[in-house]
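Peer 1: Position chains X, F and R relative to chain Y; hints supplied.
Residues per chain are reported as follows:
4 protein chains.
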Amino acid sequence: MTEKIKIAIFGGSGYGGSELLRILLFHPNAEIVLVTANEQAGRPVSAVHRNLNGLTDLVFETAPIDLSAIDVDVAFFALPHGQAISQIPQLGSSVKAIDLSGDFRIDDAETFTKYYKLEHPGEKQSEFVYGLTETNREAIKTARFISNPGCFATATLLALAPMVKSGLLTGKVIVDAKTGSSGSGAKTAANTHHPQRMNSFYAYKPFTHQHVPEIEQHLRFLGEFENALTFMTHSLPVSRGIFASCYLETTALLTDEDVENLYKHFYADSFFVRWSDGSPDINWVKNTNFCDISAHTNGSQVVVFSAIDNLVKGAAGQAVQNMNLMFGLDEKIGLVFTGGNP
Amino acid sequence: MTEKIKIAIFGGSGYGGSELLRILLFHPNAEIVLVTANEQAGRPVSAVHRNLNGLTDLVFETAPIDLSAIDVDVAFFALPHGQAISQIPQLGSSVKAIDLSGDFRIDDAETFTKYYKLEHPGEKQSEFVYGLTETNREAIKTARFISNPGCFATATLLALAPMVKSGLLTGKVIVDAKTGSSGSGAKTAANTHHPQRMNSFYAYKPFTHQHVPEIEQHLRFLGEFENALTFMTHSLPVSRGIFASCYLETTALLTDEDVENLYKHFYADSFFVRWSDGSPDINWVKNTNFCDISAHTNGSQVVVFSAIDNLVKGAAGQAVQNMNLMFGLDEKIGLVFTGGNP
Amino acid sequence: MTEKIKIAIFGGSGYGGSELLRILLFHPNAEIVLVTANEQAGRPVSAVHRNLNGLTDLVFETAPIDLSAIDVDVAFFALPHGQAISQIPQLGSSVKAIDLSGDFRIDDAETFTKYYKLEHPGEKQSEFVYGLTETNREAIKTARFISNPGCFATATLLALAPMVKSGLLTGKVIVDAKTGSSGSGAKTAANTHHPQRMNSFYAYKPFTHQHVPEIEQHLRFLGEFENALTFMTHSLPVSRGIFASCYLETTALLTDEDVENLYKHFYADSFFVRWSDGSPDINWVKNTNFCDISAHTNGSQVVVFSAIDNLVKGAAGQAVQNMNLMFGLDEKIGLVFTGGNP
Amino acid sequence: MTEKIKIAIFGGSGYGGSELLRILLFHPNAEIVLVTANEQAGRPVSAVHRNLNGLTDLVFETAPIDLSAIDVDVAFFALPHGQAISQIPQLGSSVKAIDLSGDFRIDDAETFTKYYKLEHPGEKQSEFVYGLTETNREAIKTARFISNPGCFATATLLALAPMVKSGLLTGKVIVDAKTGSSGSGAKTAANTHHPQRMNSFYAYKPFTHQHVPEIEQHLRFLGEFENALTFMTHSLPVSRGIFASCYLETTALLTDEDVENLYKHFYADSFFVRWSDGSPDINWVKNTNFCDISAHTNGSQVVVFSAIDNLVKGAAGQAVQNMNLMFGLDEKIGLVFTGGNP
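Those protein sequence lines, which keep their order, are chains Y, X, F and R.
Just so you know, we're using the working numbering here: the first sequence kicks off at 98 and counts up by one.
Just so you know, we're using the working numbering here: the second sequence kicks off at 98 and counts up by one.
Just so you know, we're using the working numbering here: the third sequence kicks off at 98 and counts up by one.
Just so you know, we're using the working numbering here: the fourth sequence kicks off at 98 and counts up by one.
Pulled out of the complex, with its shape left as it was, chain Y reads as follows (with noise of 0.2 angstroms):
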């Protein structure tokens, strides 16, 4: 076996650092040698993720306070956002870095101070290289920097991204997303209060979601897209998962047996976008780095369905799977594990 993979994860004790150490510990080409958090300084690992509880030795570290000196192959930064923007830079120029946070997901400045309320990253937003595996492959594999898709922005691109390179696509395009509890992150708040969010559903952010600029920006990266987009996000009482059901009419009138082409010859090479018969489920990709995909037509209207895991393939799966393709491995290694039937 070649030498392993030197990690640095920044923000380990949140859910996105959770799912990182608890796909990396068990990759084979992986090592993680330093994992900080702040506030949790000095315990185990496993005292705060007590599902890791012997399976790691590791011990959370404060992040230092200059960056340059960490010698890593490729350092994780799942972080509120607003703090890998300052941070990255620092990097040795020998460190790759993947950031889950929106940091350096907005190439308009003024899009991303209007969404983000902070100063945009500038002309080191160039550097970095969008991380929706599926679509942006060949980019990966070059890229030192990459900024990882938010989960809702991962579930929505994957479910247009076939229409949008097909040219079929015409008017508006609506996408009604939905989201389980951990989306919020580990933070207790209101609005993951136990008592009242296992009976609730709402919308919240009512056009004003922060990926929208960012779904945005990556249609029109894939194709022509001019069209309008209504996105709008929701509330689920689960603990995981993102199902996106997206509204969109096609220059041609399509058969639902011309989507299924569509969709299969699209994501034919992309192991961990599957074909769903029927609708997806969030059930069926729970703990996964899959994602579903249904697509459906009544002639003039398509809806297509797409269910991931929000802190999978929406967050830290997808981030180990272009971490392989940065380094030359096979993209689904340390990513071939699936949750259960019940």
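Source of the hints: derived by calculation from the structure; they are not laboratory data.
There could be a bad hint or two in this list.
Since the list gives no way to pick one copy over another, a pair counts as held whenever it fits inside one copy or between any two copies.
[Said to hold, decoys possible] In silico DSS-like cross-links for lysine-lysine, where the CA-CA straight-line distance does not exceed 27 angstroms:
#	residue 1	residue 2
1	Lys101	Lys429
2	Lys361	Lys302
3	Lys269	Lys302
4	Lys238	Lys269
5	Lys284	Lys302
6	Lys429	Lys103
7	Lys284	Lys211
Peer 2: Just chains X, F and R, lined up with the frame of chain Y:
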């Protein structure tokens, strides 16, 4: 107090029947004199609906072969589709009826047969008034027969009615609707098997749900509705509740305030429709007869969210609301209760 | 109708307060004239408890510094432990009080301080009657001050009381008790964070829960109770409900029928305690003031199961039941409602 | 790598079979050559267990009438009780077998028939080794036939074994055990109907659960166990997981530290039993082969808590752990995976 309304409930062992019992047992003007459930005949109601233990001595009876001798003021039919269609015509001429099934919801015979695989009731259909209370009060007050709306139809129509009546609606309408597991009824089934359903979210019956023609028919009844409607149903892992996200366009550019005023004005006299600051949430309407609504706009696009309890406002509660009107009572009687915060 | 009881609720923003509001707003003899919540002062009650939207115009107020001028008939205290202890003594002499906290539950000063880390109320304690309604009705009727039982204590004591009073109890008593997440209150916390709690079951505070001395004290009050009690608390992933499994031995060999008769006889006049054929189930008591009980024996060993809604019979409902008795009303008034089948 | 173990799975459509498939498909030394499911014969495994979509081309087959010609190294039986009893004896002499049902768990014929309503396997029973791995490794290594423990029995026995072996146990033992809904299997049933189960907690089969004699028999096998055992089963509204609370007494007064040392020492060489600081939690063992244990004492009384995933350590995972030992492999192979934090 005036004499009590004598009531029969046909189909008392399902969830619709269960909620009719729960509401009517405490209704000050109601007296249940017959409740049928063929498979449970002879068993106390409280042995099947154990929540009613100590609250009623009623015993399930076998439905009579001939309903003409039933001596009640009103009969509720909470049977599977296809049974009330032959039973209600048997009722004596002094007996009113409220049907919770789809048997008398569709005027057009061909459409009915296509969606329900049943023969249309024919001219009997013309004796039925559609029981969406807030949009049809005057007709309900003088009706002998009520066809109670479907749960999805209720949530969707209450969300869309003000826009349709305003004449401002234009273009396509897309409704992304989600229901809790009790919508599938009290009979066990694979899609309501707890080990899988608790982690599940999926779509079903794309483009073919039987509530589509019901919604379209009533929208045309309400105003000029020539628009294309896409209505998509999904399954939520909660017990109770429906949430509808309705995407539409208006001929004029509206502000959030315009939309709010439009809805508040339309429902000013409707106690059971509440304006919601921010999104409605299933949590706040569970176990109630309320429909919570909010509406938002980004100028070109409007989204309306509505939430109801599928078994109360979406079934038994609205049925009792209609009964109140049919007997000259305040529509709120017996229905002013609420679920908890958690 | 007689004049209404004027009511103040101190601590109206928590779950106990929320349920007091929900019950008392519909109580035919009650009028809420003051509801406090310091952090929510000035906000409408229905903006915090959105289930009450449309049902009340009450606004949260800041609690007055001096309670002596409060002009009400009865004040409910639904505050965190340690606050009512100094506030109730300020009340004018015509004001009755019902305290839902633990401040006045423990007679022994040393025990109280050990479990609550607070100074004992001293002789004020002797003015309080313990409000386990079914075992203490006569004292409650003439009490000015009620210490309302803890939720775990209510479920446990109602399960054990008939056995203790029978004199048949011998040997050790083991109570394995489980509570829903609303028992932890409305404030967010790590143990009620939805992403983890929904898949969770765990024990907490082994051997040290503060309801232990409360249970022991009342068991000794009920009869000759010199037995060792082991009481263990666990957390369930439901919103509402407590289930207690009580293991005990009897001096005589009893049959299932003997035990059933013993319990049915003991609670013959207690509307809110229901005998359950088979095990009780939290599902059947949720949102109600009922306590469902079953008991079983294999000859040498007896197990008693009890289930309540922790916020109703375990808190606000029992408090109102006690208020009814204190004002000469039927204990059932305002409390005869039930949750649904699903 | 040595040649792979050729495997047959009888009963692949249930949850036990589903988990065997999920584990063995990724086991580096395993090759599944036959998987039966009579009702699903001819359907792809991934059409039934849609989590396995893209991961296997296996197709369910009808079980052969005569098993003597099955050419495999080991056969797993994940069938309803009463089927393996006649099938395993048919296997060719070179085929090992691991039975996940209760058919070969009870030595005493009368006890077996009382609890299982089946004829005892007779002397065939003596060829079976009880597969509680941590307590029976040496016998398992050389066994041809393994009777895999029940899920409740696994959680209970792992909690009690160190105490029984220590000889310190005295007096009665009470086990209050709780299981998730997948313990009832993949077939739909009233008690696993989602609308009710999600808000439910109840006890079942008081004093009569079929795991009682299994637990007692193995406790006597482990040491001097003449104690009375009360074992009570309850249903939890989670999909996966068992939690056992075990109440016992010791001949000597022990401290928390004593108990911790006793357990840690006993399981020092058992990778899959983890000591838990504070209570175990189903959340931390879900989807894993771990059993988490904590134990606490107040001097006179000891309580031991254990948590497992009922389908992994309580069924398929332990079965594979035993297979590993039977074929001279490290018991951990294919089983070192973990569920997530949320």
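Peer 1: Confirm or reject each hint.
Peer 2: Going through the hints against the structure:
1. For a Cα distance limit of 27 angstroms, the shortest separation of Lys101 from Lys429 qualifies both inside one copy, at 16 angstroms, and across copies, at 23 angstroms.
2. For a Cα distance limit of 27 angstroms, the shortest separation of Lys361 from Lys302 across copies, 21 angstroms, qualifies, whereas the shortest one inside one copy, 33 angstroms, does not.
3. In the homo-oligomer, the alpha carbons of Lys269 and Lys302 lie at most 27 angstroms apart both inside one protomer (20 angstroms) and across protomers (23 angstroms), since each shortest distance falls under that limit.
4. Proximity of Lys238 and Lys269 under a CA criterion of 27 angstroms is satisfied in neither setting, with 33 angstroms inside one chain copy and 42 angstroms between copies.
5. Both within a single protomer and between protomers do Lys284 and Lys302 lie at most 27 angstroms apart by alpha-carbon distance, with minima of 19 angstroms and 23 angstroms respectively.
6. For a Cα distance limit of 27 angstroms, the shortest separation of Lys429 from Lys103 qualifies both inside one copy, at 19 angstroms, and across copies, at 26 angstroms.
7. When the C-alpha separation of Lys284 and Lys211 is checked against a cutoff of 27 angstroms, the pair qualifies only within one copy, where the shortest distance is 25 angstroms, while the shortest distance between copies is 32 angstroms.
In this structure, only the earlier hint numbered 4 is contradicted, and the remaining ones agree with it.
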